[in-house]
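**Q** Given next are the chains, with one letter for each unit.
Number of protein chains: 2
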Amino acid sequence: MKADIIAIGDEILIGQITDTNSQFIAEKLNLSGFEIRQITSVADDKNHIVSVLDEVSKYTDLVLMTGGLGPTEDDLTKQTLTDYFGGNLVLNEEVLEDVRQFVKNKGFELNERNRKQAEVPDNCKIIRNKNGTAAGMRFEKNNTIFISMPAVPFEMKEMFETSILPFLKEKFNLPKIVHRNVLTYGFFESSLAEKLSSWEEQLHPKIKLAYLPSPERIRLRLSMICDSEEKAEKILDEEVQKLQNLIGESIFGYGDIFLQEALAEILKEKKATISTAESCTSGNIARLITSVPGSSAYFKGGIAAYSNEVKTALLKVPEEILEKHGAVSREVVEQMVKGQLELFNTDYGIAVSGIAGPDGGTPEKPVGTTWIAVGNKNKIIARKYTFGTRRLLNVRFASSKAMDNLRRFILGYDF
Amino acid sequence: MKADIIAIGDEILIGQITDTNSQFIAEKLNLSGFEIRQITSVADDKNHIVSVLDEVSKYTDLVLMTGGLGPTEDDLTKQTLTDYFGGNLVLNEEVLEDVRQFVKNKGFELNERNRKQAEVPDNCKIIRNKNGTAAGMRFEKNNTIFISMPAVPFEMKEMFETSILPFLKEKFNLPKIVHRNVLTYGFFESSLAEKLSSWEEQLHPKIKLAYLPSPERIRLRLSMICDSEEKAEKILDEEVQKLQNLIGESIFGYGDIFLQEALAEILKEKKATISTAESCTSGNIARLITSVPGSSAYFKGGIAAYSNEVKTALLKVPEEILEKHGAVSREVVEQMVKGQLELFNTDYGIAVSGIAGPDGGTPEKPVGTTWIAVGNKNKIIARKYTFGTRRLLNVRFASSKAMDNLRRFILGYDF
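Just so you know, the protein sequences line up as chains A and B, in that order. FYI, the working numbering numbers position 162 of the first sequence as 1037, with every residue one higher than the one before it. FYI, the working numbering numbers position 208 of the second sequence as 1083, with every residue one higher than the one before it.
Quick look at which bits of chain A chain B covers, simulated, 3 or more residues with Cβ under 8 Å: (1) 890-898; (2) 1169-1177.
Below 20 Å or equal to it, Euclidean Cα-Cα: the simulated EDC-like pairs (lysine to aspartate or glutamate) are: (3) B/Lys991 x B/Glu972; (4) A/Lys981 x B/Glu1239; (5) A/Lys1083 x B/Asp949.
These are computed hints drawn from the structure, not numbers from a lab. Glycine included, each C-beta is placed from N, C-alpha and C at the ideal position.
With the rest of the complex left out, here is chain A (with noise of 0.2 Å):
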């Protein structure tokens, strides 16, 4: 089944905002079995999403549309679409209903503006948006089926995989398809890649691997078209299981989670806490952290030591110390780990001293050297890595590492 997405606003087209819905979309179909055949941004303006809806309506069975449906005059995707499918815009009681809600629970009274909202086409099938005040809508037309909905991310997904997906899968004779998502960290992916190579020939022919990655994980995705999903789940966690055998202590999880939740798993069962000190990420691990709900369990706080000042006053990296060996050294480090576990009186400790750059490198320690040391009352383990140019990515690259060092020694791993 071939599927369009054709993302709709003049923001959009003057590079305001990046069309993020449409890869959501995309993904979310092509995980269903649909090929996406074409993605396609034009402005608020009738006769181009019409001459579009006319083009891509050869080639395609369904057409996805985000955008145009808000209450300002320049949205004009609903009247476009009520006009080309050759119907009226009609008050329809159960979206008026919908908006009221809505607007009752933002603690505002219904106005003209919320009111036009609720008049919508008369030859479609509406679809009720629970987090805003445009309803989607569904078209059919010479076998294609045509959906609208907001543009707006969060109004978006909820309709899409609530609503309309499992309409979709209903509607559509598609392929079955089973997947398994088994996240890594720890390799590059050519050698992921090479690791894998001999793995990757045995899988069946009916299974489709992709590496996806990113400074935070690589993902491995693993899809099997099927006539029994039963039989697919089996052969996949069959395949889940030899790479476990493979690379598992680099496998950190399963589905769609990153290191601080894996993290955080960890620390729960064993009932653990941890804490940071960083100088180069100056509180990114932190914060990544306790970006999980419910952090507050095991991470009980962080120092961002920034100037060897705070190094030697909070974490008693002794001045001999830095002196001699440097901020970016070995010794700092792991004196940072000692230093936290006392201050903070936690079970575990993250500690991390990098030259993020742009500026001070030197040729023996350039731009990007880090030093990463993880660690508890016993032992120490500090690591040394030599990152990129680039002081943002510096950042992440250090701060994954550094969870994923932590996660590898508590569980007894190699790194």
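With the hints as your guide, set chain B onto chain A.
**A** Structure of chain B alone, referenced to chain A:
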């Protein structure tokens, strides 16, 4: 002048990545006076690429393409364009030298794949790539210009800004446009629009005003199409001056900076130092402040005071106060400022304590309730805010608000 953007790559169509390149290109082209007609994303599929080129070239003066220039087999753009414009691939010595230099700098030897990157169409103008191995290409057909760039954002951006944009400005008879970006913080978009409504009405009809809101700032963009840039500069400067008179205290800068960069300028000028003590934002403000290169000149350090224990032990928040008023209270954030000024020996301090959610709210202190204090040894000002229900968004709101409050505190403005 009309322009089309085409993003080529399977990874976009299957939703593996968000296409951020197109927004970058769209904004730059728009600011230079092009009207972006359409943005189209297609897979690495020769026939589809060709049919889109046929289609868009009916309407447009300029086609900018990204993607499909890599060395792997699924990258088809170079061959497709070579054929489409009727040329042949030939080894280009200049490109080969660039590629050789590039891989050498990375510490590698030139291999067969790299050498293939130096085979380019003989019917195009080559655009050199300083940051990668794929050269850009420029074709012309029936008065339409077609430009192909690599999809790696870093490579594309440099190529676009240093080579392509200057070429386009020379090639096309573009309207002269002068821009001013005024960066504000402290208003809701609607209240800012209300505040500025009479100013907006008196604007020269050739000035276009855009509101670009985010949790970090509202950017006001004034654009003026003009015959004489000098005259437009003068008119826009006058309008910016009027804005200064109307909302001067809410303007934290011009161009494309963020609050942490505005703070950097103020602190460097005053030769003052700051620290942070963060509960719910837990290091996010420290991270933002140190995202500015050179921040070690004024940022000494921070505490992620996530647990009450840490608030008491390090920031000297008395246990009685925590018990009586709770961690999210005026009394606690005030003491968090006092405590950190002593601990870090800084001139100014920022303290935040709030309920980020999703749990932890009560009827009196619902999720989103956040106390923020800023101050120095002589004076501390604490304010309460009620943000929303979404954890990560609350952290962003609180971080920006805290930095803006410190900016206003130092400059003696109201907040």
